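Chains as they are written, first to last, in the numbering used here: chain A, 1 to 328; chain B, 1 to 298.
Since the hints were made in silico from the structure, they are not lab data.
Treat the hints with care, since some could be wrong.
Label pairs and their calculated CB-CB ranges [unchecked claim]:
(1) B/T259 / A/P242: 26 to 36 Å
(2) A/V101 / B/L212: 47 to 57 Å
(3) B/V102 / A/A108: 31 to 41 Å
(4) A/Q62 / B/A214: 37 to 47 Å
(5) B/V32 / A/I50: 17 to 27 Å
(6) B/R62 / A/I316: 21 to 31 Å
(7) B/F143 / A/L311: 42 to 52 Å
(8) A/L311 / B/L70: 44 to 54 Å
(9) A/G174 / B/V102: 51 to 61 Å
(10) B/I275 / A/F188: 28 to 38 Å
(11) A/I50 / B/L212: 23 to 33 Å
(12) A/L241 / B/P52: 50 to 60 Å
(13) B/A214 / A/L241: 30 to 40 Å
(14) B/G94 / A/C104: 31 to 41 Å
Keep in mind it's a predicted model, so treat the numbers as computed, not measured.
Every residue, glycine too, gets a C-beta built ideally from N, C-alpha and C.
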Amino acid sequence: MTAELTTESDPRTPPGDTETRHGHRRRRSGGNGQARAAVLYLAPAGVLLIAVMAYPLYQLVQLSLYEYGQAQASGGAPLEFLGLGNYATLLSDSRFWMVLVNTCGFAAVCVLGSLSVGIALAVLAGRVRWLPRTLLFLAALGAWATPAVAGSTVWLFLFDQNFGLVNEVLSGLGWQGMEGFSWTYDRFTAFGLVAGEVIWCSFPFVMVTMYAGIKAIPGEIVEAASLDGASTWRTARSVLLPMLRPLLIIATIQSIIWDFKIFTQIYVMTDGGGIAGQNLVLNVYAYQEAFAGSNYGLGSAIGVVMTGLLLLITVIYLWAQRTTGENT
Amino acid sequence: MTTAARAPKRGLIGRVLPGKRPGRTLAEIATVLVAATIAFPLYWMVLTAFKPDGQIQSTDPRPWTLSPTLENFRQVFTVDDFGRYFLNSVIVAGVVVLISLVMSFLAAVALTRFRFRGRTVLLIMILVAQMVPVEALTIPLFFLMRSVGSVAPWFGLNHLGSLILVHLAFSLPFAIWMLRGFVAAVPAELEEAATLDGAGRFRFTWQVLFPLVAPGLVAMSVLSFIHAWNDFLFAKTFIISATENQTLPLAILVFFKPTGNDWGAIMAGSTLMTIPVLVFFVFVQRHLVSGIAGAVKA
Numbered sequence: 001m002t003a004e005l006t007t008e009s010d011p012r013t014p015p016g017d018t019e020t021r022h023g024h025r026r027r028r029s030g031g032n033g034q035a036r037a038a039v040l041y042l043a044p045a046g047v048l049l050i051a052v053m054a055y056p057l058y059q060l061v062q063l064s065l066y067e068y069g070q071a072q073a074s075g076g077a078p079l080e081f082l083g084l085g086n087y088a089t090l091l092s093d094s095r096f097w098m099v100l101v102n103t104c105g106f107a108a109v110c111v112l113g114s115l116s117v118g119i120a121l122a123v124l125a126g127r128v129r130w131l132p133r134t135l136l137f138l139a140a141l142g143a144w145a146t147p148a149v150a151g152s153t154v155w156l157f158l159f160d161q162n163f164g165l166v167n168e169v170l171s172g173l174g175w176q177g178m179e180g181f182s183w184t185y186d187r188f189t190a191f192g193l194v195a196g197e198v199i200w201c202s203f204p205f206v207m208v209t210m211y212a213g214i215k216a217i218p219g220e221i222v223e224a225a226s227l228d229g230a231s232t233w234r235t236a237r238s239v240l241l242p243m244l245r246p247l248l249i250i251a252t253i254q255s256i257i258w259d260f261k262i263f264t265q266i267y268v269m270t271d272g273g274g275i276a277g278q279n280l281v282l283n284v285y286a287y288q289e290a291f292a293g294s295n296y297g298l299g300s301a302i303g304v305v306m307t308g309l310l311l312l313i314t315v316i317y318l319w320a321q322r323t324t325g326e327n328t
Numbered sequence: 001m002t003t004a005a006r007a008p009k010r011g012l013i014g015r016v017l018p019g020k021r022p023g024r025t026l027a028e029i030a031t032v033l034v035a036a037t038i039a040f041p042l043y044w045m046v047l048t049a050f051k052p053d054g055q056i057q058s059t060d061p062r063p064w065t066l067s068p069t070l071e072n073f074r075q076v077f078t079v080d081d082f083g084r085y086f087l088n089s090v091i092v093a094g095v096v097v098l099i100s101l102v103m104s105f106l107a108a109v110a111l112t113r114f115r116f117r118g119r120t121v122l123l124i125m126i127l128v129a130q131m132v133p134v135e136a137l138t139i140p141l142f143f144l145m146r147s148v149g150s151v152a153p154w155f156g157l158n159h160l161g162s163l164i165l166v167h168l169a170f171s172l173p174f175a176i177w178m179l180r181g182f183v184a185a186v187p188a189e190l191e192e193a194a195t196l197d198g199a200g201r202f203r204f205t206w207q208v209l210f211p212l213v214a215p216g217l218v219a220m221s222v223l224s225f226i227h228a229w230n231d232f233l234f235a236k237t238f239i240i241s242a243t244e245n246q247t248l249p250l251a252i253l254v255f256f257k258p259t260g261n262d263w264g265a266i267m268a269g270s271t272l273m274t275i276p277v278l279v280f281f282v283f284v285q286r287h288l289v290s291g292i293a294g295a296v297k298a
């Protein structure tokens, strides 16, 4: 926000004056008027983002360096600077490592799941006529529109131990072991159930994005490729994929960002992190440490780790995309 | 694009992978089946909401009911103050959408149409802001809202204002990024023509640009609305003691009980919570799809 203020070297010159002397060129190349208008236009969003995002981010890092518990939060005890103490506590805690593995594995499954389902259905939607395509889009928009809590509750109910439709159907098909089976009891089935719900409500974004990309490719390019004797596979790989790459990057990054920090679904479906915390992910873990355990310092340290990891994964992905993009 | 010779019109993939007729019929049957599977949880939710108690708590669930009832809906409005929570959710999501519409539009205009030093830096900062896991900020935000509350109670803990502030800020980076492409797509000649006609910068912004980027604004509004409407974490953290200021996602949890979940009420509540978003989606779906397409093309 401060950067554009510096361009106002001579705010006194009236805009009309510049125009008569230098014509339109002066205005287009960035006169004072533009810089001043930019400040005005950016101010509301800028102030809010600094107050509610940048400053709390700074505070998060700061909090993570202190012993900050119930006593400190209520002002009853002085702050104690720990330096990297909270991080040392985390790194030596086996539970933290389990949560870290949970988070990365769960996010990876959700990202891969929503990407592959979304892309497959976008391709399918491009192959069929209007009516089936519209039905598919309506269903996908419905799943997309369902609030996370509502989606979680209905999936829980479908997979309910006693009254769920899924167990009933499976045991009806002759799989006797599924009668009264609890999906949320085991760590992996619980994660699988949540991942199913997450993929269900997040593939539509990928599908809509990729479908838009496929539609935007001019048919002439594909015809030219087939006239040149390129096989279907070759066309898809060498012509369509590079054209869809920017979209794929957007869809992947958005999925990583969303799935890495999922809170609601885990919290609702596994009742706050599963039996004995077996289904905790970083986000829920930080929440539990801070607000259930009044351990705000440690919770903040988890938040910092989470932020760092997410930025790292995104940057690595972008970098990998750039290098492969240059090679081909 | 479509010449008379190329009729019947086929999608791109149809042209790329020229499937034979039976192949397409098979693909269409598969599409309908997939659509039904995707829609099934929603169907089950609405159906259960209308089922009488005995049929819900049955170990032999059936995908239909011959005796629909409104009893579950009555339950959520009497046992839980659902109308109140519904209104709270509407206020939070509505205010967020309206304000972020203006804020992100103005910011997108500045970032695409004005030349000034530091523009690139700001653009990169907005990209990075999108990657910040806002949920990680819950702890500092909790303390921030606690101190804000002593100065401006409406924006402090236990008030809807705190939720509005947070969701507004969190929806901005993506909204700005999304609108950028739409604003950039408006040709510069148009601006020159407007200037020659005597329209100032502000008039051009509101009377020419604003209507032109409408598809982007709609798509952006939908995504901001969903974000605020869905929120569970911040409502759970900020609205601690003033239950009358709770929002919908938390209101449903009342019916999860250790002694046995009231699935009828839970599904009725979930249905009530989904319907506004669904209606919103159906109305704007055309703009939503073209909006996302426009944003990703940019």
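Tested hints:
no.: 1; hint: B/T259 / A/P242: 26 to 36 Å; result: 58 Å, violated
no.: 2; hint: A/V101 / B/L212: 47 to 57 Å; result: 49 Å, holds
no.: 3; hint: B/V102 / A/A108: 31 to 41 Å; result: 38 Å, holds
no.: 4; hint: A/Q62 / B/A214: 37 to 47 Å; result: 43 Å, holds
no.: 5; hint: B/V32 / A/I50: 17 to 27 Å; result: 50 Å, violated
no.: 6; hint: B/R62 / A/I316: 21 to 31 Å; result: 50 Å, violated
no.: 7; hint: B/F143 / A/L311: 42 to 52 Å; result: 23 Å, violated
no.: 8; hint: A/L311 / B/L70: 44 to 54 Å; result: 49 Å, holds
no.: 9; hint: A/G174 / B/V102: 51 to 61 Å; result: 60 Å, holds
no.: 10; hint: B/I275 / A/F188: 28 to 38 Å; result: 34 Å, holds
no.: 11; hint: A/I50 / B/L212: 23 to 33 Å; result: 30 Å, holds
no.: 12; hint: A/L241 / B/P52: 50 to 60 Å; result: 53 Å, holds
no.: 13; hint: B/A214 / A/L241: 30 to 40 Å; result: 32 Å, holds
no.: 14; hint: B/G94 / A/C104: 31 to 41 Å; result: 37 Å, holds
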